[in-house]
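Q: Line by line, the protein sequences are chains A and B. The first sequence runs 0 to 218 under numbering that gives the first Met the number 0. The second sequence runs 0 to 213 under numbering that gives the first Met the number 0.
Hints listed in this document are in silico derivations from the structure and should not be mistaken for laboratory results. The beta-carbon is built from N, C-alpha and C at its ideal position, and this holds for glycine as well. Incorrect hints may have been included.
[Stated by the list, open to error] In silico lysine-lysine, DSS-like type, Cα no more than 30 Å apart, as pairs:
# : chain 1 : residue 1 : chain 2 : residue 2
1 : A       : K146      : B       : K89
2 : B       : K128      : A       : K119
3 : B       : K128      : B       : K89
4 : A       : K119      : B       : K136
5 : B       : K89       : B       : K60
[What the hints assert, rightly or not] What the simulated footprint calls covered on chain B by chain A, stretch by stretch (three residues with Cβ under 8 Å from a Cβ of chain A suffice, anywhere in the stretch; the number is not a length):
# : stretch
6 : 15-21
7 : 138-146
[Claimed, not checked] Listing some non-contacts, in silico: residues in chain A with all C-beta distances to chain B over 10 Å:
#  : residue
8  : L75
9  : T80
10 : V121
11 : D166
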Amino acid sequence: MNPETVIARRIAQELRDGMLVNLGIGIPTLVANYVPAGIHVFFQSENGLIGTGPVAEPAMRHRLLTDAGGRTVTALPGASTFDSATSFGLIRGGHVDMTVLGGLEVDAAGRLANWTIPGKMVPGMGGAMDLVAGARRVVIAMQHTAKGRSKIVPTCTLPLTAARPVDLVVTELAVIGFPQGRATLLETAPGVSVTDVVAATAAELSVAADVRPMDLAER
Amino acid sequence: MITVSPEQAAALIPDGASVMIGGFMGVGTPERVVDELVRRRTGSLTVIANDTALPGVGIGKLVHAGLVRRAIVSHIGLNPETQQQMIAGKIDVELVPQGTLVERIRAGGYGLGGVLTGTGVGTVVEEGKPTLTIDGKRFLVEVALRADFALLSAFLADYLGNLTYALTARNFNPVMATAADTVIVDADNIVPTGVIAPDHVMTPAPLVDYLVAH
Numbered sequence: 000m001n002p003e004t005v006i007a008r009r010i011a012q013e014l015r016d017g018m019l020v021n022l023g024i025g026i027p028t029l030v031a032n033y034v035p036a037g038i039h040v041f042f043q044s045e046n047g048l049i050g051t052g053p054v055a056e057p058a059m060r061h062r063l064l065t066d067a068g069g070r071t072v073t074a075l076p077g078a079s080t081f082d083s084a085t086s087f088g089l090i091r092g093g094h095v096d097m098t099v100l101g102g103l104e105v106d107a108a109g110r111l112a113n114w115t116i117p118g119k120m121v122p123g124m125g126g127a128m129d130l131v132a133g134a135r136r137v138v139i140a141m142q143h144t145a146k147g148r149s150k151i152v153p154t155c156t157l158p159l160t161a162a163r164p165v166d167l168v169v170t171e172l173a174v175i176g177f178p179q180g181r182a183t184l185l186e187t188a189p190g191v192s193v194t195d196v197v198a199a200t201a202a203e204l205s206v207a208a209d210v211r212p213m214d215l216a217e218r
Numbered sequence: 000m001i002t003v004s005p006e007q008a009a010a011l012i013p014d015g016a017s018v019m020i021g022g023f024m025g026v027g028t029p030e031r032v033v034d035e036l037v038r039r040r041t042g043s044l045t046v047i048a049n050d051t052a053l054p055g056v057g058i059g060k061l062v063h064a065g066l067v068r069r070a071i072v073s074h075i076g077l078n079p080e081t082q083q084q085m086i087a088g089k090i091d092v093e094l095v096p097q098g099t100l101v102e103r104i105r106a107g108g109y110g111l112g113g114v115l116t117g118t119g120v121g122t123v124v125e126e127g128k129p130t131l132t133i134d135g136k137r138f139l140v141e142v143a144l145r146a147d148f149a150l151l152s153a154f155l156a157d158y159l160g161n162l163t164y165a166l167t168a169r170n171f172n173p174v175m176a177t178a179a180d181t182v183i184v185d186a187d188n189i190v191p192t193g194v195i196a197p198d199h200v201m202t203p204a205p206l207v208d209y210l211v212a213h
């Protein structure tokens, strides 16, 4: 299983029936492919859609129906569309149950940097700051390391996305939570040991007493 | 309702104007008016919009033509030309979180001086801004935005200027319709008054100043 699939499948298990969920661009988008059977989730695109479906077949594309990444998606039965003020009211107002976003760095206290690398990449924050500040639960989907360096760091060196800590980080190696504001190893991926994760992590990592293997079964 | 050609619509807008432009990555942007601004080379514009689209699309055409002096947007990541011109000092870019941007525009259109938001607290967005603590939670004071013109795209406009939008092309359009001195709308379809039922009107006609004719 490639790293992206491990991450997406594990995060899909955080979905619960009836949730309103916003998926960011990149690995987070893949989570929609692994929604457990029997669970109905509303996916929000912050450009103004609830009920976002898969990318449309070529003949069914509509130039005025896209997701926040610009893909020509479908709208599922029961979908709704709205303006950007409503869309971000849903986000800031705590109506979005969970958001899944990519990350550049997460620090030992769970703070996220994911919108800019000054001098290299200045795309703008788009909706990321609102999502992290406002969603009820923030889950980060990212590779554990970039160019051999841990993305889970003692303190973020990149500009923060929000002061509020994230709830969960899922990488191809581990699931990490932040109980009492401390990075804590909760689960390890198949074939990965606690020692492996600690060695690959720059931040100080507590190890949960009941650390367990990541469950990646398709449901 | 005054109807104008795309040429006449663009001619209303002088060099140096501030323009709100609807759209999200070009979806819901009035391309015909943008094309005329490019043809006329209306320059030194301040553009207030969600993003600067992509090269060759919507606001991307204005950027490519060097007509934008200042951009107040949430995202420029899909338009490398905006980033290049920003680095070269040709465009002054103010990056605003998307939810804050739309609320600043809404405040401008709804007679408010600004809004209080938790978005951006503890980040670079907070720098230089007043904060208020209410019920123990800290908020940034984000001031209202208005513009000289709003250039909007709608799906249906009736003869009076009542508007509806389609699918995800609504985005910033109805909010901007409230926040500019002159509102110019390019609708995909102009339909007889009455086709849009009162309950389905998304932007009431009195907010619209000009409809772009087909």
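Q: Each hint needs a verdict: does it hold in this structure or not?
A: Now the hints, each set against the structure:
1. A:K146 <-> B:K89: violated (34 Å)
2. B:K128 <-> A:K119: This hinted pair holds, its Cα atoms lying about 26 Å apart.
3. B:K128 <-> B:K89: Measuring from Cα to Cα gives roughly 25 Å; hence the hint holds.
4. A:K119 <-> B:K136: violated (34 Å)
5. B:K89 <-> B:K60: holds (15 Å)
6. 15-21: violated (count 0)
7. 138-146: With 0 residues close enough to chain A, the hint is violated.
8. L75: holds (13 Å)
9. T80: violated (6 Å)
10. V121: violated (6 Å)
11. D166: holds (17 Å)
Checked against the numbered hints above, the structure breaks hints 1, 4, 6, 7, 9, 10 and satisfies the rest.
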